[in-house]
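In order, the protein sequences belong to chains A and B. Numbering of the first sequence is given in the working numbering, commencing with residue 1 and proceeding in unit increments. Numbering of the second sequence is given in the working numbering, commencing with residue 1 and proceeding in unit increments.
Derived by calculation from the structure, the hints in this document are not laboratory data. Check before you lean on any hint, since a few could be wrong.
Which copy is meant is left open, so a pair is good if it fits within one copy or across any two.
As the list claims (entries may be wrong) - With a straight-line Cα cutoff of 27 Å, these simulated DSS-like cross-link-like pairs (lysine-lysine) come out:
1) K28 with K100
2) K28 with K66
3) K31 with K100
4) K31 with K57
5) K28 with K96
6) K28 with K60
7) K28 with K99
8) K28 with K57
For clarity, every value in this text was computed on a predicted model and none was experimentally measured.
Read off the chains here:
Number of protein chains: 2
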Amino acid sequence: MPSSLESAMDTLIRIFHRYSSREGDEYKLNKGELKLLLQSELTDFLACQKDPQLVDKIMKDLDSNKDNEVDFNEFVVLVTALTVACNDFFEEQQRKKGKKGK
Amino acid sequence: MPSSLESAMDTLIRIFHRYSSREGDEYKLNKGELKLLLQSELTDFLACQKDPQLVDKIMKDLDSNKDNEVDFNEFVVLVTALTVACNDFFEEQQRKKGKKGK
Numbered sequence: 001m002p003s004s005l006e007s008a009m010d011t012l013i014r015i016f017h018r019y020s021s022r023e024g025d026e027y028k029l030n031k032g033e034l035k036l037l038l039q040s041e042l043t044d045f046l047a048c049q050k051d052p053q054l055v056d057k058i059m060k061d062l063d064s065n066k067d068n069e070v071d072f073n074e075f076v077v078l079v080t081a082l083t084v085a086c087n088d089f090f091e092e093q094q095r096k097k098g099k100k101g102k
Numbered sequence: 001m002p003s004s005l006e007s008a009m010d011t012l013i014r015i016f017h018r019y020s021s022r023e024g025d026e027y028k029l030n031k032g033e034l035k036l037l038l039q040s041e042l043t044d045f046l047a048c049q050k051d052p053q054l055v056d057k058i059m060k061d062l063d064s065n066k067d068n069e070v071d072f073n074e075f076v077v078l079v080t081a082l083t084v085a086c087n088d089f090f091e092e093q094q095r096k097k098g099k100k101g102k
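Just chain A, same shape as in the assembly:
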């Protein structure tokens, strides 16, 4: 049975391909596929953002090889950046709690 870390890695791969395989190159997300992935899988993250250009900006930021599509390697950059941001927030909260407890 896979560990929870292995399952999490597997989830990242499965989710990417669930959206990338919808149309065009099945191993890359076009803008529509990326938008759908963000809306469906990162709903809470998108809900806090008011910028109507956000998906375009994320696409531009991630698409490091400028082919107007996002491959898996480019996609994990987004997931990593978001996870690091969440962890920074978590550690800050823990540190505040620790100080209060002393």
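Start from chain A and add chain B according to the hints.
Just chain B now, with coordinates in the frame of chain A:
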């Protein structure tokens, strides 16, 4: 309810802290904690490796700021690299299957 992508990101954070909080700096993995994490959570990956120096090498590779500990940002580099490698393998298998089907 969180999406499966959000749950996966949450899992990465929880697993890191489950091991980092065992001793010393609770926000960093020392070598013993890293070894335990790798043995418990990446069993299959470690099982294929015969190098007895592997944990030392991984520690050295990840510890980009040379403090002999691995913080969360350094840890996600490992997870990302492994996930990208798994995805490359998956895509290669899919492509081979696709060619055979034609």
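- Task: Check K28 against K96 for me: Cα-Cα at most 27 Å, and say if that holds within a copy, between copies, both or neither.
- Result: between (41 Å within a copy, 17 Å between copies)
- Item | Intra- versus inter-subunit Cα pairing at 27 Å for K28 with K66 | within (13 Å within a copy, 36 Å between copies)
- Is the C-alpha distance from K31 to K100 at most 27 Å within one copy, between copies, in both cases, or in neither? For K31 and K100, the Cα distance exceeds 27 Å both inside one copy (46 Å) and across copies (30 Å).
- Query: Is it within a copy, between copies, both, or neither that the alpha carbon of K28 lies no farther than 27 Å from that of K57?
  - Reply: So K28 and K57 pass the 27 Å test inside one copy only (17 Å; across, 33 Å).
- Query: Given a CA cutoff of 27 Å, do K28 and K100 count as a within-copy pair, a between-copy pair, both, or neither?
  - Reply: between (47 Å within a copy, 21 Å between copies)
- At 27 Å max between alpha carbons, let me know whether K28 reaches K60 within a copy, between copies, both or neither. within (14 Å within a copy, 33 Å between copies)
- Homo-oligomer pair classification [K99, K28; C-alpha up to 27 Å]: Between copies only: 18 Å across, 46 Å inside.
- Message: At most 27 Å between CA atoms: does that hold for K31 and K57 within a copy, between copies, both, or neither?
- Response: Within one copy only: 11 Å inside a chain, 39 Å across chains, cut-off 27 Å.
Checked against the numbered hints listed earlier, the structure breaks hint 3 alone; every other hint is satisfied.
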